[in-house]
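Each chain is listed here by its residues.
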Amino acid sequence: MAELHKLSAVQAARQIALRRFSPVELLDALLARIERLEPNLRAWVTIDADGARAAARDAESTLTTRSATLGPLHGVPCGLKDIYLARGLPTAAGYGPLKDSIAAEDAETVSRLREAGAIVLGKTVTTQWASSDPSPTANPWHPDRTPGGSSSGSGAAVAARCVPFALGTQTGGSILRPAAYNGVVGLKPTYGRVSRRGVYPLAWSLDHCGPIARTVADAALVLGVVAGHDPADPRSLTAPVPRYSASLRGVGPPTLGVLPQFMERADPHVRTHIEGVIRAFESAGATVREVALPSPIDLYLAAQRLTMQAEATAVHAAWLARDPDPYSPHIRAEIMVGQLVPGTAYLHAQRIRRRLAAETAAALTGIDAFILPTASNVAPDPSTTGDPSFQAPWSLLGLPAISLPSGLDADGLPYGVQLVGALLAEPTLLKVAAWCERLLAFDATPPLT
Amino acid sequence: MRFDPAMTREDVLAALIDDAVDAWGAERAATLRSSLEGTAQAIWTVAQETLEPTDVEP
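Heads up: the protein sequence lines correspond to chains A and B, in order.
Here the working numbering is used: position 95 in the first sequence is 777, and no number is missing along the way.
Here the working numbering is used: position 4 in the second sequence is 116, and no number is missing along the way.
Next up, chain A with everything else stripped away, as it sits in the complex:
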């Protein structure tokens, strides 16, 4: 049982259901790995070994009842970015004064995970308030590179095989970029598909919750568990939740739209790599066509920035005025400057946002997904969380997007390929992602000893 930490969530859940090993054995394997790697990885804020062990014993005990109905994640441990509330555990959001703040209840997503049988192993490192000040977490592929942010710990912990999956959040690019920089799968669902209740906000109209995992099947499984209407989240969608895992079956070659505006902005070696990936997809039967977005990327990024800054300022200005010292430099500056931006500029950005949404939806007509690099670069040095410009446009529009690991560069750092679909088209997006994943056959693991 020495290799249990390598199992995906789907594999672990299936084997637990078959009584091949117990949830306690799986948990112990992961705790041992965390104990060994964590001093250098720094991916976790809180490890709830006692709580997780108690939950694993309960899950084990359920298995002794032959007729027991098991949830789809029965006995599978997970990590939670430390802005998700989890009953009985502290949630600090990277903000010192909250480090002892114990949650009285679960976020809606956490509640759904537990209902499905998942075991909360602990809380993963976030940049402060899920913004852009770098976190202490190391990239498991290279200790001198950023794991990305803001879901730094979730990306690194999943890549390091410390946990099969973790929840992250994305306001600019904070699920997809850490996924790409860490060589794992990140899924940002349609805005409103997953409840934000019980998750610290950064910018209400941009915040998305979603999984970071190691396979598309795991991302689909977790999305199926956490998605669904929540009347306590005012932006929660009421659309029924499809069976995402079932949508992965019988996958044929997709029709993909390449966005030249992004390809031109990518680092040359990233562009070359993604062009090679696209050629391989074409050779395997994909239909690929160029799609020109009518508006420049800089307009998407400007609207996203003004939206995020104004909403984050509204969230934080009072706390910052009361006690500025615990705020990290980048978010503090953004909140201070955000107070100077005219309301007219914010509203103008919202009108442009609506126009961009219509233009982009039209550009998606007749194709299954856009394809582009997840990031303009591979993981840079840890003075930054990386470049959000290839992910932020889809956060602005609420479109579902997924990042798949697609190879390694000459320094052994992961590349990521990104697929973006239409609103609520997760079944199609996941189907396309599963097809791409099979062709990419990425099986490298970080060089951790």
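Keep in mind that a hint or two might mislead.
[To be verified] Incomplete in silico selection of chain A near chain B, CB under 10 angstroms:
| no. | residue |
| --- | --- |
| 1 | 911 |
| 2 | 985 |
| 3 | 1034 |
Derived by calculation from the structure, the hints in this document are not laboratory data.
The C-beta atom is built at its ideal place from N, Cα and C for all residues, glycine as well.
Given chain A, put chain B in place with the hints provided.
Structure of chain B alone, referenced to chain A:
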């Protein structure tokens, strides 16, 4: 500052810097330079997009 599409990028930045000095003092405003520049660029970029009164609502 005013939201005025006729302002140049430099005008927008200068107006934001003036407001930052008024609000936070010269010393603290100097620490905000990177955010001020990014914000000025964003305001100027969206301001170049003309929207008529009957165009899309927020």
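Results for each hint:
1. 911: Not OK, violated: residue 911 (chain A) not within 10 angstroms of chain B, min 24 angstroms.
2. 985: holds, 6 angstroms
3. 1034: holds, 5 angstroms
Checked against the numbered hints above, the structure breaks only hint 1 and satisfies the rest.
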